[in-house]
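2 protein chains.
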Amino acid sequence: MASGERKFHPVKSSEQLADYIIQEGLIKLRNPHINEKDEDVLYHIALSNKSHDLKEMFQDIKFVCFGGSPTRMQKFAEYLVTELKVKIPAGQTLSNIAQGSDRYVLYKVGPVLSVSHGMGIPSLSIIFHEIVKLIYHAGCSDVIFFRIGTSGGLGLEPGSVVITDKAVDGLLRPYMELSTLGMVLQHPSNLDQEVTEELLALADPEKDGYSTSVGKTMCTLDFYEGQARLDGAFCDYNESDKMSFLSRVYSRGIRNIEMESLCFAAYCYRAGLRGRAVVCVTLLDRLKGDQITTPHEIMEEWQSRPQKLVCAYIKRKLGIE
Amino acid sequence: MASGERKFHPVKSSEQLADYIIQEGLIKLRNPHINEKDEDVLYHIALSNKSHDLKEMFQDIKFVCFGGSPTRMQKFAEYLVTELKVKIPAGQTLSNIAQGSDRYVLYKVGPVLSVSHGMGIPSLSIIFHEIVKLIYHAGCSDVIFFRIGTSGGLGLEPGSVVITDKAVDGLLRPYMELSTLGMVLQHPSNLDQEVTEELLALADPEKDGYSTSVGKTMCTLDFYEGQARLDGAFCDYNESDKMSFLSRVYSRGIRNIEMESLCFAAYCYRAGLRGRAVVCVTLLDRLKGDQITTPHEIMEEWQSRPQKLVCAYIKRKLGIE
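Sequence order for the protein chains is Z and G.
Residue numbers for the first sequence follow the UniProt record's numbering, so the first one is 1 and each next one is one higher.
Residue numbers for the second sequence follow the UniProt record's numbering, so the first one is 1 and each next one is one higher.
You can trust all of the hints, since none of them are fake.
Chain copies aren't distinguished; within one or between two, either way the pair holds.
Within a straight-line C-alpha distance of at most 16 Å, the following computed EDC-like cross-link-like pairs (lysine to aspartate or glutamate) qualify:
1) 37 <-> 290
2) 37 <-> 231
3) 37 <-> 239
4) 50 <-> 231
5) 75 <-> 297
6) 166 <-> 192
7) 166 <-> 194
Hints are computed from structural coordinates only; laboratory data are not their basis.
Same shape as in the complex, but just chain Z (with noise of 0.2 Å):
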């Protein structure tokens, strides 16, 4: 087998590498090693800087649009054609973008890219390594980044709508740890002040027939024992203990729970991006109960809240009426 060698390489901090790149609003690199390379493959959506010309499939990209569900980002991405007006010719019709793959989609509406994460902090931390990747390659600027989700909510009427203020861990911690090289590091999950704001000042109430607010966000390794749930296959607490803990964490400002808030946070910060937010409705009220019930019509036109108020903030953007 090869071995490292073991002679002391200083590393340089974060703040340094982020050096290599700056150039006012192109997304910043913090990997030097990127560009000594021959060819890039972000082998999780079948795309390489060297198979394809990403400058000018995705130079124009202003917007990057996440959430989980594969067929709800292909709805989003078709409720932007009609939404920005983009002219699609005859004959044609929207494309995932990462069909050699099966892990992701990738769907591309004018200056938005459409993207699913699936579930969970690591499926989501590969699909923002290679978009943030994407984006360095096609020399993008100013890009804004938005998770739009589904949560468990705490305190709210089920489809209310949660921008998110702070995002913390199951441990009330505002910052994601990931095992590095042996070494525990803690990247801070800051949001973006600015977004929310403009984000909360587009919602009307009274207008929409539901509420949106602005609350802190936990974000869990797991749905169930993590989300404080009795109904998973494994299950040591009862019903007052999930009431306390849930009751504890509403008071601290938690307003809802979901599982990929931190990362989606953290990464956008590390990585420079002056724009992010997180947006999601909330299916249930986990103070009331545990399992999802609702009618399906129903959640469709919750899923796709959260669409509409980032769908009109890329509009308001774009100054499109």
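Knowing the structure of chain Z, use the given hints to seat chain G on it.
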């Protein structure tokens, strides 16, 4: 908002909870709350014990095979139809049982379930909870669980197969940590030596044309930095740091790296499943590189190797020549 009652409730230990169901061979459901519920919705596979007759649908299941990619698990199901000589009537075809959801795929071929789990521990965790409840509701007995997947190898020819001896995390710890109601619980990731040895005995390197061996598997929360890759969107270490780390884990017995084995092993053990194994093919040798650039057709053949081994095991158990 509702507020939890704060009075003291003694919680039963996992072992006590297991006693709720003591029937030889039947899967243990370590959650006493499930039987108190009118309906148990398996949300992410769009099934329920009220809307479906799970006993009629699934009682004959003896093997559950998990793998990351939906397409690969569909192909495995199709392969099993031929190998297990399962008769599908004219005018019928295999159908994804979980098609009411787009999160996972679920195929049934005779006594085998072929299930996709997406990427990473949280994504596997959700489907694992729901499959364990499924086979509990169905009253299945003596079920053996497999994960058949892909991985990065260490010091092995690409295309080699590794049967996991022990699953460890990115810090080489043999347990999965999960934040549960504010406590960080550790779930040991023991695997089954008997199944491992039976699998190994079915491999024949000379006839197969590739090696199959037993080794430790490192399970990470991230594909790039978590696995010491130099080609992610972020990287603050260099080639020498990477090689030092990978060489050190190699010398501690790690032969491949992937993203689900720790949770799979820990949850099988918790569920009291005596038969359980992780079989992965290595797509590259991480001591020689980071990127996966092998042509698609070769990769397809490699990915079928764990499937062939597990299928041979199933045929042996079912007495099919």
